[in-house]
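Asks: Letter by letter, the chains look like this.
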Amino acid sequence: MSATMSAPSSTSSTSPAASSAPALFDLDWRRIGKWGGLCAFAIALISLIGMPVGLDRRTIIEGRLSLGYLALIWLPLLFGYVVSKRVVLEGVDTPDPGARDVLAGLCTGLLAGLGPLLLILGIDNFNLRKPLVNWSPQLLELLTFGRDIGYGIGAWLAICAVLGMLGSTMHVLPKDVRRVVSIVTFGLLFISVLEAAIDDLSEGFGLEGLTDAMYAKRGGLTVKYSIILVVVLGVLAVVTKGRVKGATNHYRGLKGAERKRASVLLFAGVAVLCIVLPMFLGKIMNELLANVGLFLLLALGLNIVVGLAGILDLGYVAFFAVGGYTTAVLTSAESPFFAPELHFGFALIVVVLIAGLTGLVIGAPVIRMRGDYLAIVTLGFGEIIRLLFMSDWLKPYFGGAQGITNVPHVDLGFAVVKGTDPRSVFYMILVFCVLAIYVSWRLQGSRLGRAWMAIREDEQVAEAMGINTVNTKLMAFVVGAMMAALSGAILAAKVGSVFPNSFMILVSIIILVVVIVGGMGNILGVMVGSFVLIGVLGGPRQPGLLQEFQSYKLLIYGALLVFMMLQRPEGLVPSARRSQELHQEEFLQDVWLKGEDHEEEEAAEEAAAEEEAEATAEGTGDPA
Amino acid sequence: MTATINRRSARRVSKVDRFLTLIRVFLVGLIVVGILAFLAQQFAPNNPFTRWRNPDAMGLSADQFKGLLMSGLSQGAMYGLIALGYSMVYGVLGFINFAHGEVFMAGAMTGFIASEKFNASGLWESNFLLCLVLIVLMAIGISTLMAVLMERVAYRPLRNSPRLIPLITSIGVSFFIQNAVMGLFGPATKSYPQLPEWLAKQRSILTFEIAGTKILVLVVAAVSMAGLWFLVERTKTGKAMRAVAEDKEIASLMGINVNRIIVTTFAVGGAMAGVAGILWGLLFRSVTHMTGFLPGIKAFTAAVVGGIGNLGGAMAGGIALGSAESIAPLVILEPLGVPGVSQLKDAVAFTVLVLVLLFKPTGLFGERLSSEDRA
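Going down the list, the protein sequences come from chains A and B.
Residue 198 in the working numbering sits at position 198 of the first sequence, with consecutive numbering throughout.
Residue 247 in the working numbering sits at position 247 of the second sequence, with consecutive numbering throughout.
So here's chain A without its partners, still in its complex pose (with noise of 0.2 Å):
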């Protein structure tokens, strides 16, 4: 017994080489198959979704890269890194990175090569064109780079080999060149799809020439501004390696006055940002910058009802009809029924209150129900409110699907808001989103805000610590929707005119998206979620900075939705607490793997914070 278990760590302290890597060819060839046939699998659906062939006319690095080969290419890649990443298991013995991945990722790309291959062959040998539209000879031509069909299962089959190595090389490469790697891909990235905006902004500069240059006429960089690009992206990784953690250490570690002192400089530079920012804009940019904020208001809204209060409404978009329609008939003239024509200001106060009792009555019938059959209810909500303003009974007073037309510009005295000037709405939604992220932050630390996230966490507990669960529930719901109400309102006054069709349950369910991919229940991550979607993908009827993914933005939004859900619940920017009540298990895990005398370290620590605070709090003490 003792011979056989001082054989292998004997050997293992010779020749470490040897037992981590025990053999070449040795691989998990179960993983292998199954990652590079669902890889194949993956392949050949975006191919026949048309993503490909509708992508293609985007060039990302001109007359070599096409945003319709990039949404293939970017499988094998990630593929092959997924193929080679392992879990690293207390206890357990992994053997290092090394050529074993490198072949792993290897015969992953083989195999996904196997979906362009058997498409290939299948659209020059069969004709399904009848039920897959995408069945098409541009398809092929796109496969085969428009050359014959060896060619291209060659070349297929090659560059999903190489991918798939590439991918899984980046568990081996030492971490600082992995970072600067991933850096200047995704930096690269960033700048060729960013095109529209950064030419818009450089020419509100006055730098058109180097726009001119880096760009080719017909839409992406060109190869000579590539290389450029990815030398300087080199350079800066280098030279900013660990500057930005310690940066942000730096400003956690803060306390007190200073740490004032950096918030205010901080929110001073943003705040200048935002207000000087859009003056260089062209109006698309506006245009764009404005639905941001629009879907920011909405979102802050739903991330209090969703992310602070645990209720998961899906008929949020009946809030966002009801300011909308309210402003409608309030100022518009074509008001079919009552039509005061007054002030958009005014309209504001009673758009406020009407959508805080329809809150109300929407909320206080689904308020107690279980939180899975709430979601449903209110989805029927939003789709009855919606029905309702396009029905025939109600067309009398709301118009019908023809709608409410001629929602008048705002006038505020000095300056007229409309939505033929982007740049004036864009400033007016800027201030509601400040309004609303300042109200959202200090209701977060509220006792209202408190009593919310106990009821998230566990309503029975909340209960029994004599939160009125209803009532508070209930103000999550009014809160929410004024929010979508405001948000309601300045849709209307910025398109003029009012449609039930923009009312879809679709709007819910992106602004849900939005929420869970920024991360539920914090502000921050809100307002990433909304840049990022809104503004690259775009909402449901306005088009991002990647108008090209118009017809796609649906399919990706559901698989973002999916796969937030699977890999990372807590959202890209999570809540500290959130993402611990999601993790309980492993949290709880962890705790009880780290053991008690872990817990000692804790107490010491903590005992030392409180003594730090006490001594801080005596140094401010003391000059007062």
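Take these hints with a grain of salt, some might be off.
Cut-off 27 Å, straight-line C-alpha distance, at most; resulting in silico cross-link-like pairs (BS3-like, lysine-lysine) [said to hold, decoys possible]:
#1 K190(B) / K130(A)
#2 K117(B) / K130(A)
#3 K255(A) / K245(A)
#4 K201(B) / K117(B)
#5 K345(B) / K395(A)
#6 K85(A) / K34(A)
#7 K190(B) / K117(B)
#8 K245(A) / K175(A)
#9 K201(B) / K345(B)
Distance ranges between label pairs, derived from CB positions [what the hints assert, rightly or not]:
#10 L121(A) / V258(B): 39 to 45 Å
#11 M465(A) / N47(B): 55 to 61 Å
#12 G141(B) / L189(A): 37 to 43 Å
#13 G141(B) / A271(A): 58 to 64 Å
#14 V258(B) / R577(A): 31 to 37 Å
#15 A464(A) / G141(B): 47 to 53 Å
#16 Y397(A) / R242(B): 48 to 54 Å
#17 R163(B) / L236(A): 42 to 48 Å
#18 H583(A) / V258(B): 20 to 26 Å
#19 M290(B) / D176(A): 48 to 54 Å
#20 D176(A) / M254(B): 53 to 59 Å
#21 L588(A) / S252(B): 20 to 26 Å
#22 W198(B) / N125(A): 38 to 44 Å
Calculated directly from the structure, the hints in this document are not laboratory data.
Ideal Cβ placement from N, Cα and C applies to all residues, glycine included.
Given chain A, work out where chain B should sit, using these hints.
Replies: Frame of chain A; chain B shown alone:
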């Protein structure tokens, strides 16, 4: 002391409660007045209320009423078939599989593609029954596969997470499938080929004029229901399913492979949705990528109406909902003077959901859930 506490707590909840009572009274009042107005309109077309609310009311003839009832029944049978999937999954896993409507849509879409091919080759006309059996089998296959894949990819990793997480995931799955199908098969509305004359023609059974397709729908629904009842109540798998629905942990201690039973549940629900998809195709003869959305939500409503987790209840709920949806607009809303009532059909279905949850949240026939899901 205790008395004051009681009084205070009673006062505190009463505001919302009073409002709910108001809503209940209002809704019941609306229904009663509507039905009374309908009866008045039927028996005395010139009464003052009718003249005031709806001067050019025609009333319904007996044949019209029977026709409405029949189309309501056949549509309701379809909702019932879809509702079975919701109900079973909710019974076993305790979450709403929002993407189940998409499974149904996949069945309808499969049926369309297959029937199109059969039509092109002439088999559709020459041997319709064989084609029907084939497309039903194919739809069952695709829908089952889809439901099982869904469970494996999206729901299994989330088995022990908070209840809303799998619901949100299933919304994402639903969105993804809808748009993937749109990308694959195009956004246009697709029409099933013409049905043979002997099936589509009107028949008269016990004074009820009813189209042959509707009879077919009712018969197929009844057969599927009987099969499902046999599976759940009379086989070993069914017994295991009921055990897992009751308590997963104890079931696994009894030697039941819980994972396999959950997969079976999804598969059976998917198969039922596939059958419903074909029935939809035969009844309405058109399908798009959005076909699954509204019927899905309505089927969930049906499951709640019948009591979630209760299979007989799901079928009964579906039929009740289908009939309510087709009769209520004309019987309750039209006499009250609401124009364009057929547009409000979907609104009526959602109102039924709210009504049931307001009056009897456990459904008409009682829910069957494990104690932890009931919380």
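Asks: So, for every hint listed, does it hold in this structure?
Replies: Status of each hint after checking the structure:
{"no.": "1", "hint": "K190(B) / K130(A)", "verdict": "11 Å, holds"}
{"no.": "2", "hint": "K117(B) / K130(A)", "verdict": "9 Å, holds"}
{"no.": "3", "hint": "K255(A) / K245(A)", "verdict": "18 Å, holds"}
{"no.": "4", "hint": "K201(B) / K117(B)", "verdict": "24 Å, holds"}
{"no.": "5", "hint": "K345(B) / K395(A)", "verdict": "17 Å, holds"}
{"no.": "6", "hint": "K85(A) / K34(A)", "verdict": "14 Å, holds"}
{"no.": "7", "hint": "K190(B) / K117(B)", "verdict": "13 Å, holds"}
{"no.": "8", "hint": "K245(A) / K175(A)", "verdict": "15 Å, holds"}
{"no.": "9", "hint": "K201(B) / K345(B)", "verdict": "26 Å, holds"}
{"no.": "10", "hint": "L121(A) / V258(B): 39 to 45 Å", "verdict": "42 Å, holds"}
{"no.": "11", "hint": "M465(A) / N47(B): 55 to 61 Å", "verdict": "58 Å, holds"}
{"no.": "12", "hint": "G141(B) / L189(A): 37 to 43 Å", "verdict": "41 Å, holds"}
{"no.": "13", "hint": "G141(B) / A271(A): 58 to 64 Å", "verdict": "60 Å, holds"}
{"no.": "14", "hint": "V258(B) / R577(A): 31 to 37 Å", "verdict": "32 Å, holds"}
{"no.": "15", "hint": "A464(A) / G141(B): 47 to 53 Å", "verdict": "51 Å, holds"}
{"no.": "16", "hint": "Y397(A) / R242(B): 48 to 54 Å", "verdict": "52 Å, holds"}
{"no.": "17", "hint": "R163(B) / L236(A): 42 to 48 Å", "verdict": "46 Å, holds"}
{"no.": "18", "hint": "H583(A) / V258(B): 20 to 26 Å", "verdict": "23 Å, holds"}
{"no.": "19", "hint": "M290(B) / D176(A): 48 to 54 Å", "verdict": "50 Å, holds"}
{"no.": "20", "hint": "D176(A) / M254(B): 53 to 59 Å", "verdict": "55 Å, holds"}
{"no.": "21", "hint": "L588(A) / S252(B): 20 to 26 Å", "verdict": "22 Å, holds"}
{"no.": "22", "hint": "W198(B) / N125(A): 38 to 44 Å", "verdict": "40 Å, holds"}
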